Amino acid sequence: MRKKTASYFYDFTSIIISSLICVTVIFTFAFKISTVNGGSMLNTLHNGDKLIVTSLHKQPERGDIVIISQPNAYAKILVKRVIATGGQTVEINTVKGVVIVDGEELYEPYLSVKTKVLGDGFTYPVTVPEGFVFVMGDNRNESADSRFAGVGFIDERYILGTAVYKIGDRALLNSEWK
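Quick note on our numbering: the sequence shown kicks off at 14 and runs consecutively.
Fair warning: there could be bad hints in the mix.
[To be verified] DSSO-like, lysine-lysine: derived pairs with alpha carbons at most 27 Å apart:
#, residue 1, residue 2
1, K89, K109
2, K16, K45
3, K71, K45
4, K129, K89
5, K127, K109
[What the hints assert, rightly or not] Label pairs and their calculated CB-CB ranges:
#, residue 1, residue 2, range
6, V36, K109, 20 to 28 Å
7, S32, G110, 47 to 55 Å
8, S32, L69, 50 to 58 Å
9, Q72, F22, 28 to 36 Å
Keep in mind the hints are simulated off the structure, nothing from the lab.
Here the structure is a predicted model, which is why all the values come from computation and not from measurement.
Glycine residues also receive a C-beta, built at the ideal position from the N, C-alpha and C atoms.
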């Protein structure tokens, strides 16, 4: 009887330790948890929301919500939506309040206000250089994003990852509005 108990304890302990190692490896190399700071992504994301972010390398695509660390812009981490990638042309139609990429008006049902030309960054239309992205917050008129010279185009090397899941709402991100 004593041997069976010791064997069960050893098996249980081995399973727990193996599970902890697997979770640690996965969250160290493949996924991270990031917290939204501020209201620039309202109503999609709110201040304090927790996101699961994949750090597996992939090219950012239009519509992705990305986590950015850009040393020349701000000391904090930025959470923004990719609007255009390298080689694409961005235009903002101030009359209709819409963003146009490569001549196509973006479908953006997550916006609650019309888009304005803010900041001091560009004269439109503007073409995104290769290796860079143009990003904007979903709370368009309260977001420091690529429209501002202090942010500008984002070098893809400064994209820490892509948000894939919002913890607590069981909400997958990035798949609905591409």
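Here is what the structure says about each hint:
no.: 1; hint: K89 x K109; result: violated (32 Å)
no.: 2; hint: K16 x K45; result: violated (41 Å)
no.: 3; hint: K71 x K45; result: holds (15 Å)
no.: 4; hint: K129 x K89; result: holds (24 Å)
no.: 5; hint: K127 x K109; result: holds (7 Å)
no.: 6; hint: V36 x K109: 20 to 28 Å; result: violated (48 Å)
no.: 7; hint: S32 x G110: 47 to 55 Å; result: holds (50 Å)
no.: 8; hint: S32 x L69: 50 to 58 Å; result: violated (21 Å)
no.: 9; hint: Q72 x F22: 28 to 36 Å; result: violated (48 Å)
Violated hints, in rising order: 1, 2, 6, 8, 9; the structure is consistent with all others.
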